[in-house]
Amino acid sequence: MINNEQNQHVLSVSQLSCRQSSQFQLRDISFNIPKGCCAGIIGPNGSGKTTLLKAITGYIPSKSGTIQYCNHAIESYSKQALSKEIAIVLQSTELDQSMHVEDYILLGRNPYRKRWQFWESEEDVHIAETVMKITQIESLRYRQLNALSGGEKQLVRIARALAQEPNLFLLDEPTNHLDIAHQLQILTLLNRLQRQKNMSIMIVLHDLNLASEFCDQLILMENGKIFKMGKAKDVLTYQNIESVYHTLVIEGENPISKKPYVFLVSEDNLKKSMPQS
Amino acid sequence: MNQKAIKFWIILSILLIILAGVCMIALAMGTMNISVDKLFWILLNQIDSTEYTILMQIRLPRILVGIAVGGALSLSGVILQAVFRNPLVEPYTLGISGGAALGVSISIVFSLNQSYALSLPFFGMIGAGCVILAIYCLNAFGVVQNVQRLLLIGVMISFISNSLFMLIISLSKSEQMHSIMFWTMGSLEEPNQMLVYCLLIISLLGCLITSIYSVDLNVLSLGEADAFHLGIHVERVRNILLFLASILTGFCVSISGIIGFVGLVVPHFVRLFLGSDHRTVVIASYITGAIFIILCDLLARTLISPMELPVGIVTGLVGGLIFIYALVNK
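Protein sequence lines correspond, in order, to chains A and B. Going by the numbering used here, the first sequence opens with residue 11, and the numbers climb by one from there. Going by the numbering used here, the second sequence opens with residue 12, and the numbers climb by one from there.
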């Protein structure tokens with residue numbers, strides 16, 4: 011368990027299994043996320059990372075096990091109440107509409123809409139402005155979504171989710187297809203939100219070094235199961251990585267942050283560097 | 012007041028004024044032209060005149076059918092394009108028109124429509140209803156797992172009913188074939204006044220319900236997963252709106268035949284000029300659809316007067332040309 015103090019947990023997942031047709035997508039998943047923690051989910055393609063995020067929100071129904079948010083079963087929350095607490099940024103969201111950025115972000119206020127409310131309240135507009143400021147996209151306010159670059163789109167997606175004012179923020183590979191500057195920008199922003207708003211974050215990342223750098227805890231997944239979880243130094247060992255990814259790596263350390271750093275090694279290069287016998 | 016709300020009311024007012032103007036012109040013009048100032052005078056003072064009968068018994072019901080059908084078909088187009096997130100879907104894609112056409116052709120061929128005045132639209136509705144029922148049964152029994160499969164099944168049902176329709180035509184006598192073909196090409200003429208008012212009320216109710224769900228449509232247009240995570244009951248909202256679109260289309264097709272293009276083009280046209288916010292698009296499409304179809308019917312009535320063209324042909328021709336022009340220039 012990542013944290014043993016039950017009351018501090020924002021999310022507790024216990025023996026969760028999800029199955030689609032005859033195939034298990036998640037098997038016997040158990041973990042706790044303390045409040046204000048940034049947990050990174052890592053693992054090879056198809057290991058169930060995205061499924062886990064979608065199962066937490068109830069989008070993919072679970073077959074067995076329990077998911078508790080703030081000590082209450084996730085099913086006890088109404089859909090609207092849950093979307094005020096948990097926001098998710100999905101990888102699959104396509105922003106190809108001609109909608110304006112501001113209108114898109116205002117859709118994030120939908121969970122707060124009353125049944126017969128037709129127009130956004132002043133508070134909604136104010137919150138949309140605030141999240142645009144936090145994510146530094148004020149200049150994009152009146153731009154159309156389909157005219158944005160990849161990095162801008164990702165920031166806009168994050169801003170829309172932040173407009174939900176979540177306490178638990180789930181992100182599925184938010185740094186995909188982005189250059190290093192945008193990757194750093196997004197992860198720094200998330201770390202700032204985590205500190206300032208005491209927000210809990212679960213983030214799926216492919217880059218092990220980014221995960222090591224920005225996450226407090228890591229969950230390493232393999233074939234729908236948790237292979238290992240804990241601090242980066244315990245998870246990112248060459249034995250763990252080699253057995254899950256079937257890839258050679260060398261462990262190292264980031265000279266500035268002193269956090270674990272993983273060097274990839276191609277077998278061809280390894281052979282070349284070996285002295286001829 | 013919210014800036015968007017102000018914009019909404021301005022657009023609504025302008026469109027309503029245009030609609031009123033178009034209705035007036037459509038009342039005044041026809042085989043017998045009446046000037047607009049005389050129009051009011053006849054309507055207020057000459058209740059017993061022939062002109063009054065023409066205006067109230069022939070032209071007004073046609074305009075009301077035009078408003079109901081144009082509005083309802085555009086509305087269905089807006090709903091279906093948002094729910095399926097596919098810009099090429101239109102009210103006839105789900106096979107509802109095919110079902111209605113089949114019902115009508117069966118009633119003509121087997122001479123079932125001679126005993127009751129209502130029977131042609133009645134059989135159309137039965138045909139459309141069967142298709143709606145088939146789609147919903149497949150949906151309810153879990154055959155349809157996602158919305159794209161639902162769309163594919165709709166397209167297949169459309170092909171099947173169209174083939175059956177063709178089969179019936181090929182087996183029918185020539186005068187029967189003529190009446191089936193004339194119905195297929197669409198007309199706003201409906202002699203039964205009660206049916207006209209029924210259609211109008213259903214169509215306006217549809218507009219009201221869709222407007223209530225317009226914010227949900229905005230969220231749904233982001234995709235199923237995102238809508239779910241924004242607190243929308245995706246399945247429930249989708250089923251209500253699809254059912255509404257089917258009912259509206261079924262009624263329209265049964266009464267006015269197949270009037271193509273309106274449901275496909277009007278929502279696009281409105282989005283091109285007014286943006287993609289469904290709060291505006293829903294109501295603007297309804298009124299624009301009504302204006303468009305009344306104008307097309309006016310052309311159909313007056314172009315080769317006293318003969319009359321089927322309105323479906325005019326909507327296709329005029330709609331297509333205007334849309335290409337707008338697309339090229341915007």
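Honestly, the hints are just simulated from the structure, not real lab data. Glycine residues also receive a C-beta, built at the ideal position from the N, C-alpha and C atoms. It cannot be assumed that every hint is accurate.
[Stated by the list, open to error] For lysine-lysine, the following DSS-like pairs were computed, each having C-alpha atoms within a straight-line distance of at most 27 Å:
1) K73/A x K94/A
2) K143/A x K15/B
3) K207/A x K45/A
4) K89/A x K207/A
5) K241/A x K281/A
6) K124/A x K49/B
7) K241/A x K282/A
8) K124/A x K73/A
9) K15/B x K94/A
10) K124/A x K184/B
11) K18/B x K143/A
12) K89/A x K73/A
13) K73/A x K243/A
14) K207/A x K235/A
15) K268/A x K241/A
[As the list claims (entries may be wrong)] Listed next, with one range per pair, are the computed distances between beta-carbon atoms:
16) L338/B x N186/A: 46 to 54 Å
17) T140/A x I17/B: 35 to 43 Å
18) A157/A x I223/B: 52 to 60 Å
19) Q249/A x N97/B: 48 to 56 Å
20) S174/B x R125/A: 23 to 31 Å
Here's how the hints hold up against the structure:
1. For the suggested pair K73/A and K94/A, the alpha carbons sit about 25 Å apart, so the restraint of at most 27 Å is met.
2. At roughly 22 Å between alpha-carbon atoms, K143/A and K15/B fall within 27 Å of each other, so this suggested pair holds.
3. Distance check on the hinted pair: K207/A and K45/A sit about 11 Å apart at the alpha-carbon level, within 27 Å; holds.
4. Restraint check for K89/A and K207/A: the C-alpha separation of about 23 Å stays at or below 27 Å, so the hint holds.
5. Of the pairs offered as hints, the one joining K241/A and K281/A is violated, with about 32 Å between alpha carbons and a cut-off of 27 Å exceeded.
6. For the given pair, K124/A sits about 50 Å from K49/B by alpha-carbon distance, which is inconsistent with the 27 Å threshold.
7. For the suggested pair K241/A and K282/A, the alpha carbons sit about 34 Å apart, so the restraint of at most 27 Å is broken.
8. For the suggested pair K124/A and K73/A, the alpha carbons sit about 33 Å apart, so the restraint of at most 27 Å is broken.
9. Distance hint between K15/B and K94/A is fulfilled; the C-alpha atoms sit about 24 Å from each other, no more than 27 Å.
10. Pair hint K124/A plus K184/B does not hold up; C-alpha atoms about 59 Å apart against a cutoff of 27 Å.
11. Simply put, K18/B and K143/A have alpha-carbon atoms about 26 Å apart, close enough for the 27 Å limit, and the pair holds.
12. For the suggested pair K89/A and K73/A, the alpha carbons sit about 19 Å apart, so the restraint of at most 27 Å is met.
13. Note on K73/A and K243/A: the hinted pairing is violated, with a Cα-Cα distance of about 33 Å set against a maximum of 27 Å.
14. Of the supplied pair hints, the one linking K207/A and K235/A is violated, its CA atoms being roughly 31 Å apart against a limit of 27 Å.
15. Annotation: proposed proximity of K268/A to K241/A holds, straight-line Cα distance about 13 Å (limit 27 Å).
16. The beta-carbon spacing between L338/B and N186/A, approximately 34 Å, falls outside the hinted interval of 46 to 54 Å.
17. Distance hint for T140/A and I17/B: a CB-CB separation of about 24 Å, inconsistent with the stated range 35 to 43 Å.
18. The given range of 52 to 60 Å is broken by A157/A and I223/B, whose C-beta atoms sit roughly 31 Å from each other.
19. Between Q249/A and N97/B the Cβ separation comes to about 49 Å, which falls inside the hinted range of 48 to 56 Å.
20. In this structure the hint that S174/B and R125/A lie 23 to 31 Å apart at CB is violated, the actual value being about 45 Å.
The structure is inconsistent with the numbered hints 5, 6, 7, 8, 10, 13, 14, 16, 17, 18, 20, although it conforms to all the rest.
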